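For the record, the sequence lines run as chains V and H. Each residue of the first sequence is one higher than the last, beginning at 141 in this note's numbering. Each residue of the second sequence is one higher than the last, beginning at 257 in this note's numbering.
Simulated from the structure, these hints should not be mistaken for lab results. Careful: at least some of the hints might be erroneous.
Stated by the list, open to error - Taking lysine-lysine pairs in the DSS-like style, the calculated list, with each CA pair at most 27 Å apart, reads:
| # | chain 1 | residue 1 | chain 2 | residue 2 |
| --- | --- | --- | --- | --- |
| 1 | H | Lys-424 | H | Lys-483 |
| 2 | H | Lys-465 | H | Lys-424 |
| 3 | V | Lys-352 | V | Lys-169 |
| 4 | H | Lys-963 | H | Lys-983 |
| 5 | H | Lys-725 | H | Lys-711 |
| 6 | V | Lys-427 | H | Lys-595 |
| 7 | H | Lys-962 | H | Lys-1038 |
| 8 | H | Lys-595 | V | Lys-158 |
| 9 | H | Lys-711 | V | Lys-547 |
| 10 | V | Lys-427 | V | Lys-406 |
| 11 | V | Lys-237 | V | Lys-427 |
| 12 | H | Lys-1038 | H | Lys-989 |
| 13 | H | Lys-1038 | H | Lys-969 |
| 14 | H | Lys-1038 | V | Lys-547 |
| 15 | H | Lys-711 | H | Lys-917 |
| 16 | H | Lys-637 | V | Lys-427 |
| 17 | H | Lys-969 | V | Lys-547 |
| 18 | V | Lys-406 | H | Lys-637 |
| 19 | H | Lys-711 | H | Lys-700 |
| 20 | H | Lys-1059 | H | Lys-725 |
| 21 | H | Lys-1038 | H | Lys-983 |
| 22 | H | Lys-1059 | H | Lys-983 |
| 23 | V | Lys-406 | V | Lys-294 |
| 24 | H | Lys-983 | V | Lys-547 |
| 25 | H | Lys-1059 | V | Lys-285 |
In this text the structure is predicted, and so the values were computed from the model without any measurement.
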Amino acid sequence: MKHSALQIFRQAWSSHRKWPRTWSSPEPKPAYDVVIVGGGGHGLATAFYLASEHGIRNVAVLEKGWIGGGNTGRNTTIVRSNYLLDGNEPFYEWSLKLWEGLEQSLNYNVMMSQRGVINLFHSDSQRDGFIRRGNAMLMHGADAKLMDRDELEKVLPYLDFDNARFPVLGGLCQPRGGTARHDAVAWGFARAADQLGVDIIQNCEVTGMRIKDGAIDGLDTTRGFIGAGKVGLAVAGNSSRLASMAGLRLPLESHVLQAFVSESIKPLVDTVVTFGAGHFYVSQSDKGGLVFGGDLDGYNSYAQRGNLPTAEHIMESGMAMMPCLGRVRVVRHWGGVMDMTMDGSPIIGLTPVTGLYLNGGWCYGGFKATPGSGWVFAYTLARGEPHRLNAAYRLDRFSAGRIIDEKGVGPQPNLH
Amino acid sequence: MAALTAARSGARVIVADEQSEFGGGLLGTGIEVGGMVARKWVQKMVEALAKWPEVMMLSRSTVTGYHDHNFLVINERRTHHLSNPASLMSRERMWRVRAKQVVLATGAIERPLVFTDNDRPGVMLASAVSVYMKRYAAVPGRSLVVFTNNDSAYRVVHDAIDAGVVVKGVVDLRDDGVSAAADAARCAGVPVYLGHAVTAVKSNFRGVKRINIGRLSADGRSVVAHKGAIECDVLAMSGGWNPTVHLHAQSGGRPVFDETNACFFPGVSVQAERSTGACAGEFDLSLCLVRAVEAASEALRQVGIDPVTVDTPGTAQHSEAPLRALWSIPGDPVMPRGKKFVDYQNDTTEADIRLAAREGYRSIEHVKRYTALGFGTDQGKLGNVNGMAILADALGQSPGAIGTTTYRPNYTPVTFGAIAGRAVGEVLFDPIRRTPMHEWHVEKGAAFEDVGQWKRPWYYPLPGEDREKAVSRECLATRQSVGILDASTLGKIEITGRDAAELLDRIYTNAWKSLSVGRCRYGLMLGEDGMVMDDGVTSRLSEHRYLMTTTTGGAAHVLNWLERWLQTEWPELEVFLTSVTDRWSVTSIAGPKSRELLESLSEGIDLSPETLPFMSFCEGHVAGIAARVFRISFSGEVAYEINVSADQGLSLWRTVMEAGKPFGITPYGTDAMHVLRAEKGYVIVGQDTDGSVTPIDLGMDWIVSKKKDFIGKRSLSRADTARANRKQLVGLKTENSTVVLPEGAQLVNGFSSSRPVPMVGHVTSSYFSATLGYSIALALIKGGRARLGGTVYAPLLDGQLIKATITEPVFYDSDNVRQRD
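If we strip away everything but chain V, and leave its shape as in the complex, we get (with noise of 0.2 Å):
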């Protein structure tokens, strides 16, 4: 069934009774040409994109749990494509375009709003780091826009200029990144892949890989053995836990990130504003609620959930931005497990593992990267070779030094 005011209509004549289910929920064949693990955005953006772009079929997405219940449904939203390294940039700014078709390609609301994203910067080495990134953006054919002072104060009257412990000077804009709602991009991808017949299997977990003469087998599941082709491992935090299933041994850790919610105020935010002196990025959802975060909590970790020292910091430096959030509440906060890697760019391509593939590392910036990631994956996965997108993110690029490290920060994932 196509979404249409047509059909909201019609549906509405026989009291919603008749809405299908947005996706089937199949008992697993025996064998799929190609096995996605990990239904969260990205795996359903790669199954999408394999059925749609090369017309594979015969795809199962396994999810252990409910699909978007892992990353993609415990970020802070921010869609935006403002890299600097030659690596990252032409990537990202595929994603970005593709976000901006993506209601209409998939035919689901992902409530994409381009607000536009501000990164503040308070010193003279910051300009000089958000002018060179700012210049490599509009290089690459992105969008850019250096704003002083002045523009700032229009935009953004509730910073705080006058009284800052280091000062506002300016801020990179990107107009066109922005925001867009988490859950519905799993479940838009979701229905579009489900719609072009791939399995969507909730509740399966991956207990064990099956390989053949250095060649992947099928997968042991909680659900029965799955043959399969092909295997394309998108589990974010458990990224090394599957790859150990394989024998392989990541270059990453998994960290813990939270993430908060305030309690639903009238509109202040309209659009995503990041803290240049201090870890903070926010937004505001539709409904109202301050969407914020910060640093990782900094230990190595597979528990969803966070601690208090970091919870302060990031206050904190939300007051220190904003002081007027000092009476707003916090309604909540989660965590999310992170794979760190040790450049802080993700891995996306082959495995030592014939027919086995990897989509990792994403540390704490994979929901931007959700349609480009699905989009480059399929693409590796159906023609056994990276495409020229993500050729920079091999996995054997650390052993030969090809790291594309845009913090600059080095071999330490928590810093990234």
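Go by the hints and put chain H onto chain V.
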């Protein structure tokens, strides 16, 4: 009771209670405890507890988070209830408690019933109606109807009669003849409609006017007969009670569904906590008190304290008949209109949940996210269990199989201000570090720059000067005569011990064991990835004693870095590290007249180039102050860094300024320092490097030892790191010598209007050099060393294209004659 047991047994106890006064649910009832009204008994208990010095009683204090390792966060509201709080009193306080044992006695929250029109003003929870009347002496209406599926709501009947409110009837979902409570209501003259349901609520702008009731079918799924209407202005409803399992769940426990009570009980404890009372599913008051003593006793035994025996009082509460869980109550059979709300904050209705299930959103997490069930500020405290049960019904499962969504902090919303505490505002958000000479810089009207936490003088504008003019003047004065710079902020680490040189050898790329006492050497340190991490000059103070300097911003990181290697990888090395950054103030004088100036001030120091050559140091007195004088230069001029004890820094600075007057001594800030060093091609780590630059990229092969091992060495030989066409440090001269390239400009090989354009490099530093009379820049360019003399272009945001020639990165005195003089 639990707190009293713990206190009497000799434990340190914190009692945290969300409400303004202690007593919890007892405050809103007329029940008798220990032969007195509950309220009175509570008062006695509070008085008894207050006598124990080790008991801390926190009211208006909510445990909002239960973290790992029994770490609890308590949000205390200190002034919200005061009309005139003392001005210095904090509004809220966050208690951070690491408890050995936790007893949760968080009670239960009454559940609404899901029936048609249940959102009308005047439809209230039965317990709320009682609390208004019993605790606050306020009647919410004049005529009351009670709608319930359990016995607890019958209490409101008697409370209302006491308060003079007319009770028009009790509509009970349960079938005939089940309850002693119903008999008691009847005795009080209140009609009880067993096996009936409210099917509609009529209201006007004042609220409820009338309700319709009807007889339920045996399975409760339909209304078989319309019974009639009852006029009333308050409808008290009760759908049973949900134990407040939130903190138990936050601690890692998983609540389990109890079929008899139709609610979630705490599951197995993961941390050192136990639930007692209603939050553990014990709804009988007498038993609650007994269980509380038991829970406390068990907790005490766990920490090695023998619990004393505490008697619990009897209560006059009657035992209750079981409830009837009817999660969705059928509406009017003839005219089914109106909505049945499940989440009152987000207007999630029963129909929304069923629609979500039809559309395939079947995990409770999907339903929550699709319908916004439990997304409000109450985080589903009222509606979630009803919602889960309705979903279970739609899917033909039991509520236990559906499970709950995740309980997370905060239990109730907490303000930013409470969590951030005092770390706000210009002064307290992050410490401000000032050098001993700061006062002088302020006097002279310096503009300051934030460098990490430090405030550094940026430039010293004279009246009428802008930044550009001031910087040019400062540079020229230094090159021509003598300039003075406050260099106190550079990180300083004293490295002592038998293996100090060995540590330096492993950390820095160059060799250190050959450095003799009294000499200084420049060093570069790399990360494990072979990329430049920090730099600085290290001096050998004595046989096993070195003073390392780091960049201002990198000081803490470098100390951590050294400690990390010493503690985790090289524990066999005998080396001790001490941060002495704040111990010393550093006055740096540079320029051709600096030696003459220093000679006029120093005692016992021979400044001749033979005795104190470039890259050496000596000790003596300057202006009568004990000092270490280092002959180090970051400007390319003869320069001395005079280190004196921090408390003497300002005094020395003033004396040097005074003595320098005949030479026209000129203070210069970080901006001029940057220009002077760029003229010499000296890099600044973090400005000319970005974590992807090796020493070889910087043209500093000379400092990378081929013989010994050091951190990052192996990475330098990786295929990509050893590649020829990497970005390399070069200089740039613009075609129009007055045009200054913007720092951060990208560089391309030629004009192109299409995108993307291949970028060959970027500008890292760029200034107008007053000394040279033209603009200079440092840049990292792909294969730049092989392109000396070639041309690149910098496209600007406004569409301009600036043409520049690639040069050597050293623009001034490339033979280093001046600084060695």
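- Message: So, against the hints stated earlier in the document, which numbers end up violated here?
- Response: Violated: none.
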